[in-house]
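J.: Residue numbers (the working numbering), protein chains in the order written: chain E, 1 to 349; chain P, 1 to 349.
Be a bit skeptical, because a hint or two may be false.
For identical chains, the list gives no copy identity; a pair is met inside one copy or between any two copies.
[Unchecked claim] Below, computed lysine-lysine pairings styled on DSS-like, alpha-carbon distance capped at 27 Å:
id : residue 1 : residue 2
1  : Lys300    : Lys182
2  : Lys193    : Lys211
3  : Lys188    : Lys177
4  : Lys229    : Lys152
5  : Lys300    : Lys188
6  : Lys211    : Lys271
7  : Lys152    : Lys271
8  : Lys300    : Lys271
9  : Lys34     : Lys47
10 : Lys82     : Lys229
11 : Lys349    : Lys82
12 : Lys62     : Lys82
These are calculated hints, taken from the structure and not from any lab test.
There are 2 protein chains.
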Amino acid sequence: MSKQDGYHVAVVGATGAVGQQMIQTLINENFPIKELTLLSSARSAGKRVNVNGQEYTIREAKPESFEGVEIALFSAGGSVSKELAHEAVKRGAIVVDNTSAFRMDEDKPLVVPEVNEADLLHHNGIIANPNCSTIQMVVALEPVRQKYGLKKVIVSTYQAVSGAGAAAVEELMEQTKSILNKETFEPKLLPVKSDNNHYQIAFNAIPQIDKFEENGYTFEEMKMINETKKIMNMPELQVSATCVRLPIAVGHSESVYFEIEAEDVSANDIKALLLDAPGIILQDDPENQVYPMPANCVGKNDVFVGRIRKDIDEDRGFHMWVVSDNLLKGAAWNSVQIAESLVKLGLVK
Amino acid sequence: MSKQDGYHVAVVGATGAVGQQMIQTLINENFPIKELTLLSSARSAGKRVNVNGQEYTIREAKPESFEGVEIALFSAGGSVSKELAHEAVKRGAIVVDNTSAFRMDEDKPLVVPEVNEADLLHHNGIIANPNCSTIQMVVALEPVRQKYGLKKVIVSTYQAVSGAGAAAVEELMEQTKSILNKETFEPKLLPVKSDNNHYQIAFNAIPQIDKFEENGYTFEEMKMINETKKIMNMPELQVSATCVRLPIAVGHSESVYFEIEAEDVSANDIKALLLDAPGIILQDDPENQVYPMPANCVGKNDVFVGRIRKDIDEDRGFHMWVVSDNLLKGAAWNSVQIAESLVKLGLVK
Chain E
1 MSKQDGYHVA VVGATGAVGQ QMIQTLINEN FPIKELTLLS SARSAGKRVN VNGQEYTIRE
61 AKPESFEGVE IALFSAGGSV SKELAHEAVK RGAIVVDNTS AFRMDEDKPL VVPEVNEADL
121 LHHNGIIANP NCSTIQMVVA LEPVRQKYGL KKVIVSTYQA VSGAGAAAVE ELMEQTKSIL
181 NKETFEPKLL PVKSDNNHYQ IAFNAIPQID KFEENGYTFE EMKMINETKK IMNMPELQVS
241 ATCVRLPIAV GHSESVYFEI EAEDVSANDI KALLLDAPGI ILQDDPENQV YPMPANCVGK
301 NDVFVGRIRK DIDEDRGFHM WVVSDNLLKG AAWNSVQIAE SLVKLGLVK
Chain P
1 MSKQDGYHVA VVGATGAVGQ QMIQTLINEN FPIKELTLLS SARSAGKRVN VNGQEYTIRE
61 AKPESFEGVE IALFSAGGSV SKELAHEAVK RGAIVVDNTS AFRMDEDKPL VVPEVNEADL
121 LHHNGIIANP NCSTIQMVVA LEPVRQKYGL KKVIVSTYQA VSGAGAAAVE ELMEQTKSIL
181 NKETFEPKLL PVKSDNNHYQ IAFNAIPQID KFEENGYTFE EMKMINETKK IMNMPELQVS
241 ATCVRLPIAV GHSESVYFEI EAEDVSANDI KALLLDAPGI ILQDDPENQV YPMPANCVGK
301 NDVFVGRIRK DIDEDRGFHM WVVSDNLLKG AAWNSVQIAE SLVKLGLVK
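Between the sequences and the hints, there should be enough to build the whole structure, so can you do that?
T.: Right, dumping it as structure tokens:
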């Protein structure tokens, strides 16, 4: 990476589950930092955190907080991004935004570096980081699309509660304790904090992530559908999704069915392809019970793929099982990776 | 139901998770019982159990145990069924077998009463009860098949650990406690007791149920594929499955994509159809966050269906979410229901 003395980086939402992972990932990846500004809501402002042995005070995010900032990583909710991302850009920062605020804006690239890094070249100050469940799926599908063409995708997700924030992990753990101790409890957060009803997540499965749209799909499902088409630049790709929240703290899994354009491709062809693909670790050895699982992916940047097999009836149809740490490749790592790409491509002034 | 004085019923595997549910279901459904014989392996023989206020001693299952038995419900593993089911038939009993021992035998009906009750008329002494994950899916699909024709099914399952027996539920609970208490633990049973490796199930997802076949599918997945075709008498039906074990005690969920033959059918048409379908409770009101969840299905005989919506791209494609108590409709209740059908059709001599 260039610029010897590093960059002035801001993290907005520094006390959140993803914000904390962003800070840790910047450190782990040795991102060249000259100055680190940690921002949050007024509520969390004043908190002190230790980053790599140095004490930082978290400050309230305001327009003037971005003076001198070169790269701003946002993960404090869509409303904060809508309010402040343009203020950051106005002051010279490039924004990598990990909310849904700008993802479908035509003039803002939605980027997964393994898939469409070149879209960064046309950025207008704000780059959107896709939804966690979308990212891991497109990383696994992109090599297939490039080599064999992609026609149709049907995905069912198995999503961890940390996707709904640190408080949702706490809710899972507290409910689990209550059930083991045969105590009563009152669900307060999941599936969606701002929705009317809250349901038990411990030892349960909730087929709702984010609110419902009028077409019967949830917003999470529509994100997977629309973002996949945009990232792959394939408006004609057929994508459908069912998104389910499960009693897992970290690590999203996906059962992905996909149909390719090419004929006479074998499951072994797909395995060979993904074995050498960027960002992917192939874990596919059924005989020895080797396949990806969320418990094994925690803390890792990679997308783990396994259980690749041909559909029984459809020669161009395949199934696979895709697992990744939703806080890392699904959020923090993909954002930092975008920042690395921006630096690499000389896009940070 | 006929025969005033009732039938001599035997339950084989009376100490297992499903066996206990079978006994409870016989009582709950007021099945006409003249005599109840509870059988098990030699290991569990001698145990005393209370059934509806009466004490029973569980006896070792042997060929001669079936003298005088008219209906024998088997749920003690495939090897016990292979050893003893024919002995029971030889002595005049009709066997309803809840193992995979005979399911794909051409001369033995595989029955879900809502779907193919008439197949009982051609029984040869043994009726097979399908796999839990298959049953709830075909109950939901059959009304669709009858009215609109069925072409293709792609299912991803979210299966509870009780499908692997009572010991698997204990393993889930013990592991969960260990993790909450930050203690170490050693997985010993899941995903498959007799397989080489055992993995953490608490706060995890394991994409393996039963052992792997040479084609890369698990036996559980092949059961769903082959049994669905047999029960619906549609060898040409395209079915594929991905089966996943989750940290849920009771209640299987399924994300089902299906394509019908008819054109111009709406999601509301499918909802209206399933609202009046046998064995189904429609829970489908996204606006009010009404959809099926395993935590709400425990102890109920019904199959719960919701989240019915049209595929975004395919006019004949639909998605739905199907949940049921895997120990009841998935096992005990379907077996007792078969026994009820046998009585109703005058097939028990």
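J.: So, for every hint listed, does it hold in this structure?
T.: How the hints compare with the structure:
When the C-alpha separation of Lys300 and Lys182 is checked against a cutoff of 27 Å, the pair qualifies only between copies, where the shortest distance is 21 Å, while the shortest distance within a copy is 35 Å. Within a single copy, Lys193 and Lys211 get their C-alpha atoms as close as 10 Å, which meets the 27 Å cut-off; across copies the closest is 40 Å, which misses it. In this assembly of identical chains, Lys188 and Lys177 lie within 27 Å of each other by CA distance both inside one copy and across copies; the values are 15 Å within and 23 Å between. Proximity of Lys229 to Lys152 under the C-alpha cut-off of 27 Å is found in both arrangements, the shortest distances being 11 Å within a copy and 24 Å between copies.
In this homomeric assembly, Lys300 and Lys188 come within 27 Å of each other (Cα to Cα) only across copies, at 26 Å, whereas the closest approach inside a single copy is 30 Å. Proximity of Lys211 to Lys271 under the C-alpha cut-off of 27 Å is restricted to the inter-copy arrangement: shortest distance 21 Å between copies versus 36 Å within a copy. In this homomeric assembly, Lys152 and Lys271 come within 27 Å of each other (Cα to Cα) both inside a single copy, at 19 Å, and across copies, at 25 Å. Taking the closest pair of Cα atoms, Lys300 and Lys271 come within 27 Å of each other only inside a single copy of the chain (21 Å); across copies the shortest separation is 42 Å, beyond that limit.
In this assembly of identical chains, Lys34 and Lys47 lie within 27 Å of each other by CA distance solely inside one copy; the values are 22 Å within and 73 Å between copies. Taking the shortest alpha-carbon separations for Lys82 and Lys229, only the intra-copy value of 23 Å comes in at or below 27 Å, while the best inter-copy value is 52 Å. Taking the shortest alpha-carbon separations for Lys349 and Lys82, only the intra-copy value of 23 Å comes in at or below 27 Å, while the best inter-copy value is 75 Å. Only within a single protomer do Lys62 and Lys82 lie at most 27 Å apart by alpha-carbon distance; the minimum there is 12 Å, versus 73 Å between protomers.
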